[in-house]
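Chemist: So the chains spell out like this:
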Amino acid sequence: MPVSLYWLQCGGCSGDSVSLLNADSPDLPRFFNQSGIDFLWHQSLSQTTFKEKQKLDKALLSGRKKLDILCVEGSIIRGPGDTGMFDTTCGKPKKELAAALSRKAKYVIAVGTCAAYGGIGVDGPALATGLQFHRSEKGGFLGHGFRSGAGLPVINLPGCPCHYNIITGTLSALAAGIDIELDEFNRPVEWYGILVHQGCTRNEYHEYRVEEHEFGEKGCLFFYKGCHGPLAYGSCNKLLWNRRTSKTRVGVPCFGCTMPDFPQSYPFFQTRNIEGIPLDLPDGLNRAHYMAYKGMAAAAAPDRLKWRKTGI
Amino acid sequence: MSKKLNIPVNRVEGDLEITVELSGGVVKDAWCSGTMFRGIENILRGRHALDGLVITPRICGICSTTHLAAAAAALDMICGANVPDNARRVRNIALMTENIQSDMRHGFLFFAADFTNVAYSGHSLYEEAVRRYRPLKGCTALETIAETKRVLEIVAILGGQWPHSSFMVPGGVVTLPGASDILHCKNRLINYKEWYERRVLGCEIERWLEVKSKENLDAWLDESESHKEGETGFFVRFCREAGLSNIGAGHGNFLSYGSLDMPEETAVESGGGALFIKAGFSSGGEVREFDQEKVSEHVAHSWFQGYEGGRHPLSGLTIPHFDGKDADRYSWAKAPRYDGLPAETGPLAELIIAKDPLFTELVKKEGPSVFVRELARLTRPSRLIPAMEVWLDEIIKSGSSFYSQPGDVPDGDGFGLIEAARGALGHWVRIKDSRIEQYQVITPTAWHASPRDSNGRRGPFEESLVGIEVRDLENPVELGQVIRSYDACLVCTVHAIEASKGSRILSLRVG
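Chain order of the listed sequences is Y and F. Take 1 as the starting number for the first sequence in the working numbering and just add one per residue. Take 1001 as the starting number for the second sequence in the working numbering and just add one per residue.
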């Protein structure tokens, strides 16, 4: 019995869809075939005509056709007021369709940070929100108590965009009936139980507190350039992007795009400090211990790092 | 009696609704309406000067690199930054990579999928088209997914990831690609080029670039089986039989902002002055100098707080105003105008501005059309790949300067104008006290999906639809093809609209 999948785009940029097209081993079309996924609808990728799509919507909403997996990409746009008229389809607010389909689906997946937590539009006039969270606050559009047909909350796959392997991995797991353990922000622990920092090729510089003050200097980006690598949960440096590398490896700070409060309200590219030590420290750290450790680490730094000889 | 029909125009990026008035099966008038507002510009106001580098790529997942480049260029201007040659090369290569993948994804996943529409079942090439372009199944569609994904590794190597990186900053790029990185990029590019030549052109790039007239094009097509069967040759043959060179003309005004800063020392030939792709505006066959002061936006028919006439983006206002009552207002898109005129932008416009002989002749003889617009896009990689190869080689030879610290961002105005895959993209920025005071973005699709302006003049999509005879009201494939020939990306039309990718609904009013 094929597993049916419906991909609904709401207030987003299509970044998660184009990320999905980067799926590797196998390519996306083969992935669907292999996993037994029946790709019912995607606005950009389906051949389905709009007439057929309207029929499909009717069949799904009336329960005549089963909906196994609903993927929502983009935030739920509620503005202006609570009308949702900033994002419509056929003259009706898109959020109504999102709510109706969510009630029919066995599993609901929020793909990307916008769908999960509100993301980019959350502080703007669009009054964007996430499916079951508003930033880190539980509730969001569907409400804290929402459960999909399988009795699960919305499965959040944040990231801006979400890594393609996380999307295909989650879909594979659900299609195969494998349970997915979720963390406090309803992210699968499998991919979000690791820090972005883990696997960064700048770790040697990080350990000895040899930091970048200016771009392109070679060093760790945590103390001055606003990098969230040691703070944000995500597997960028484990899975790697486009099969090659990651932002932090090439010198772009991690902006914490998998976290519920992305985008942060304070400036990017700079670290908030208390006496030269980042205001935000990795989970579970004691500030005094951390200061002592970093002071000793800096003192122990070998010359090859201080002189930026070691590669990244 | 008027009747409303909903018709599919999916496979475009973003949500757009078009209402068409038909009489006797012919489109008499059209209204194009963007159906989403994300308010990105409003979000940017008050944020730190550099934050646009992180926020604006998120305007569009399809062309995030171009938004980043425009944001960085605007800040370069405000800072008076001196961008090192190698940083220019890295920026250019990333932008060009994004374009050459986008052109193929658009061509074979979105545009050519229409050839598999049942409306063409009587076409002599229909079965072959289905074999090639059936979504997620056709052989060319599958190859396109595989090849575009691989070429994007270049952007990742240079910028960390694709989409949505922020590796360009005022003064250059933050990355320090080494020789092995650049060699990998080169290998990726050569792989892509091999596929592009073999499958898409059916000949070497050099051979295609010898096609300089309509006569040359016909001779090229007849020259060999590989020219005829390659995607480009197949496209030409399909379009000719389907009559796609007769529809979708638009206004015949073309705009290019120009793009790709030339390094000071390079073997690549400039397209015009300091740019690889030339800037200009063309109306009535005459190409003029481009002046960004002549860009303005109108809101007379958009759901925004109104003002008289047009405003330059630096004095633009984006204040949503929607009460559902004003019948004259029908879109979340503003109406951009150049010197008061609507304009087409994108690969065809670039070629018209550059006075390319083949495309100038085709437009002169046959007028702009779905066919010529898409042909310009399918063949664009042939004009970009050779320069990319040279610049990659030059990076290795030119040392390791990728960034020149420009200091803090001072107060001032700046703009970043570049050519995205879909055409002219502009960011206009005002910085005060290290904060963003004003940020206005005009995307290529904003030009195309424009509603009427304050003089009541239609936008390019609207104009291009007028006069088309719709053969089957239940399946008006030709209308969708006109819109898709512009490579519509509504996701990107931030100003006002922002959309999920999408289903373009044509609401046809028959009466």
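Any given hint could turn out to be false.
Computed footprint of chain Y on chain F, listed as stretches where at least three residues anywhere in the stretch have a Cβ under 8 Å from a Cβ of chain Y [stated by the list, open to error]:
| no. | segment |
| --- | --- |
| 1 | 1058–1072 |
| 2 | 1105–1115 |
| 3 | 1122–1133 |
| 4 | 1154–1160 |
| 5 | 1170–1178 |
| 6 | 1234–1245 |
| 7 | 1458–1465 |
Stretch-level coverage of chain Y by chain F, calculated; a stretch enters the list once three of its residues show a Cβ under 8 Å from a Cβ in chain F [as the list claims (entries may be wrong)]:
| no. | segment |
| --- | --- |
| 8 | 11–20 |
| 9 | 128–137 |
| 10 | 140–153 |
| 11 | 193–204 |
| 12 | 285–293 |
Because the hints were derived from the structure by calculation, they are not lab data. Just so it is clear, the structure is predicted and the values come from calculations on it, not from any experiment. We put the CB at the ideal spot given by N, CA and C, even for glycine.
Chemist: Now look at each hint and say whether the structure bears it out.
Modeler: Hints, verified against the model:
| no. | hint | in the structure |
| --- | --- | --- |
| 1 | 1058–1072 | holds (count 6) |
| 2 | 1105–1115 | holds (count 4) |
| 3 | 1122–1133 | violated (count 0) |
| 4 | 1154–1160 | holds (count 6) |
| 5 | 1170–1178 | holds (count 8) |
| 6 | 1234–1245 | violated (count 0) |
| 7 | 1458–1465 | violated (count 0) |
| 8 | 11–20 | holds (count 9) |
| 9 | 128–137 | violated (count 1) |
| 10 | 140–153 | violated (count 0) |
| 11 | 193–204 | violated (count 0) |
| 12 | 285–293 | violated (count 0) |
Hint compliance for this structure: hints 3, 6, 7, 9, 10, 11, 12 are not met, and every other hint is.
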